[in-house]
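Asks: Residue numbers (this note's numbering), protein chains in the order written: chain A, 1 to 270; chain B, 1 to 93.
These aren't lab readings, by the way, just hints derived from the structure by calculation.
Among the hints, erroneous ones may be present.
[What the hints assert, rightly or not] Anything over 10 Å on all C-beta distances counts as not near chain A; from chain B, calculated: (1) Asp30; (2) Trp79; (3) Glu80.
[Stated by the list, open to error] Below are the DSSO-like pairs computed for lysine-lysine, each with C-alpha atoms no more than 27 Å apart in a straight line: (4) B:Lys73 <-> B:Lys20; (5) B:Lys73 <-> A:Lys56; (6) A:Lys9 <-> B:Lys59; (7) A:Lys9 <-> B:Lys73; (8) A:Lys56 <-> A:Lys9; (9) B:Lys59 <-> A:Lys56; (10) A:Lys12 <-> B:Lys73; (11) A:Lys12 <-> A:Lys56; (12) B:Lys56 <-> A:Lys9.
Note that the Cβ used here is the ideal one computed from N, Cα and C, for glycine as well.
As a plain string of letters, each chain reads:
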Amino acid sequence: MELVDSYLKAVKRYLPRRQRNDIIAELSEDLRSQLEARQRELGRPLTEDEQMAIFKRQGDPMAVALRYRQHGRSLTVGWELIGPELFPAYLLLLSFNLMITAAVVLIFQLLAHTPVSAQPFFVPLLAQVICVTLVFILLNSLKGVFRRKFSDNWMWPPADLAHLGGWIRGVRTVCPLVDGYPVLSQPGSGVGGSRLEVQPGLAQILPSHPVAHAGRRESAGRECGAPGLEMAVADGPLWGRWCRRFRDVVLPRVNGFLRWGLFGPWLWIP
Amino acid sequence: MIVAVLAQLRDEQYGYTLRKALADDGLAIDEGTLYPLLRRLETQGLLVSQWREEDKRNKRFYRLSPDGELILKQLLEEWESINQSLGRILQEA
Numbered sequence: 001m002e003l004v005d006s007y008l009k010a011v012k013r014y015l016p017r018r019q020r021n022d023i024i025a026e027l028s029e030d031l032r033s034q035l036e037a038r039q040r041e042l043g044r045p046l047t048e049d050e051q052m053a054i055f056k057r058q059g060d061p062m063a064v065a066l067r068y069r070q071h072g073r074s075l076t077v078g079w080e081l082i083g084p085e086l087f088p089a090y091l092l093l094l095s096f097n098l099m100i101t102a103a104v105v106l107i108f109q110l111l112a113h114t115p116v117s118a119q120p121f122f123v124p125l126l127a128q129v130i131c132v133t134l135v136f137i138l139l140n141s142l143k144g145v146f147r148r149k150f151s152d153n154w155m156w157p158p159a160d161l162a163h164l165g166g167w168i169r170g171v172r173t174v175c176p177l178v179d180g181y182p183v184l185s186q187p188g189s190g191v192g193g194s195r196l197e198v199q200p201g202l203a204q205i206l207p208s209h210p211v212a213h214a215g216r217r218e219s220a221g222r223e224c225g226a227p228g229l230e231m232a233v234a235d236g237p238l239w240g241r242w243c244r245r246f247r248d249v250v251l252p253r254v255n256g257f258l259r260w261g262l263f264g265p266w267l268w269i270p
Numbered sequence: 001m002i003v004a005v006l007a008q009l010r011d012e013q014y015g016y017t018l019r020k021a022l023a024d025d026g027l028a029i030d031e032g033t034l035y036p037l038l039r040r041l042e043t044q045g046l047l048v049s050q051w052r053e054e055d056k057r058n059k060r061f062y063r064l065s066p067d068g069e070l071i072l073k074q075l076l077e078e079w080e081s082i083n084q085s086l087g088r089i090l091q092e093a
C-alpha cells in the first residue's frame with residue numbers, strides 16, 4: 001500500500017458515511033496531482049519524507065475529514081458543546097446506549113406482563129442522554145490536555161510491513177496488555193528497518209525479552225532494537241487512536257504479534 | 001473567496017487546476033478549505049460537477065450552474081457597490 005493510500009484511509013474513517021467514497025476519490029486525485037507536480041519539479045521519485053511533508057501541509061487526517069462535516073441543524077448545539085472530534089463517537093455511544101436502554105425497559109415490561117406503553121421509556125432514555133452528554137462535555141473540556149499534534153500514527157498498516165501481505169491480517173479484538181501503537185516506517189527499509197512505536201509501558205516489558213532487548217539504545221524516546229526490528233518508545237498519549245480497526249500484524253523476525261486491542265495495539269512475544 | 005471560486009468556474013475545471021489558477025492569481029486556498037466549499041456550493045445549486053476521466057485518472061470537474069451565474073452577477077454588483085462606498089469613505093477620510 002502506498003503512503004498516500006494509507007493517509008486517505010485514515011481520513012476516510014472520519015468522514016460522513018454517505019459522502020465517503022466521493023470525497024476520498026476527489027482528495028486522492030488532488031493529493032496524487034500534488035505528488036506528481038512535486039515529482040516533476042524534482043525530476044525524481046519522492047522520498048517518504050517528501051511525501052510526508054505534503055500530507056503534513058494537508059493536515060492531520062482527522063482534521064481534514066472534519067472540514068467536510070456539515071453541521072446538521074438540529075445537532076449544532078451538541079456539536080459545539082462536545083466538539084467536532086468527539087462528536088461522532090458521542091453519537092455512536094449515545095445511540096448504542098439508547099438502544100440497550102430501550103431494549104431493557106421493553107424486556108422488563110414484557111416480563112412484568114404489563115401492557116407495553118411509552119411512558120416507562122421516558123425517564124431512563126432521558127437519563128442516558130443527560131449522562132452521556134455530560135461525560136462527553138467533560139471529555140471535551142479536558143481534551144486540551146491530550147491535544148493531538150500531526151503525527152504519523154495513521155500509517156496503518158505500516159508502509160514497511162504492508163508489502164508482507166500475508167503477514168498482515170485482520171483479527172478480532174483482544175484485550176490490551178499495554179497501550180502501544182503501531183509500526184512506523186523508515187525510508188527505504190524493509191522489515192529489517194521497521195520501527196515499532198510503543199508506549200513506555202510496553203517498553204518496560206520488552207527489555208526483558210532477549211530478542212527485543214538486543215541492541216537497545218537511548219534516543220528520542222527509548223529505542224529497543226533487534227536484528228529484525230527496531231523499537232522506539234513513543235511518548236504521545238493514546239488520544240484519538242482508539243477508534244482504529246482491530247488488526248494483527250505478525251512481526252516475522254521477532255516471531256511476535258502486534259495486536260490491536262481496545263486501547264491500542266500491544267506486542268505479544270511467545 | 002466564494003466570488004473568486006465562482007468567477008473562476010465560469011470555465012470548467014477540476015479541483016487541482018482550480019486551486020492552481022486561484023493561487024496564480026494571488027488567492028491561495030488550501031485544499032482542506034476549497035473542497036468542502038465546492039461541495040457546499042454544489043449542494044446549494046450554484047455549481048454542477050461531473051466525474052470524468054482525464055490522463056487516466058478520474059477527476060471531478062466543476063462548472064458554474066445557471067443559478068450560479070445569476071448569483072455571481074449579483075455578488076459582483078454588490079462587491080462593486082461596497083468597493084465604491086469604501087473608496088468614497090477613504091477619500092473623505
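Asks: Does each hint hold? Answer for all of them.
Replies: Against the structure, the hints come out as follows:
1. Asp30: 8 Å, violated
2. Trp79: Check passes; 26 Å lies beyond 10 Å.
3. Glu80: The claim stands: B:Glu80 keeps its Cβ more than 10 Å from every Cβ of chain A (closest is about 31 Å).
4. B:Lys73 <-> B:Lys20: Given that 27 Å is the threshold and the Cα spacing comes to 24 Å, the pair holds.
5. B:Lys73 <-> A:Lys56: 37 Å, violated
6. A:Lys9 <-> B:Lys59: 19 Å, holds
7. A:Lys9 <-> B:Lys73: 40 Å, violated
8. A:Lys56 <-> A:Lys9: 15 Å, holds
9. B:Lys59 <-> A:Lys56: 23 Å, holds
10. A:Lys12 <-> B:Lys73: Violated. A:Lys12 to B:Lys73 sits at ~37 Å, over the 27 Å cutoff.
11. A:Lys12 <-> A:Lys56: The given pair, whose Cα atoms are some 16 Å apart, holds under the 27 Å limit.
12. B:Lys56 <-> A:Lys9: 22 Å, holds
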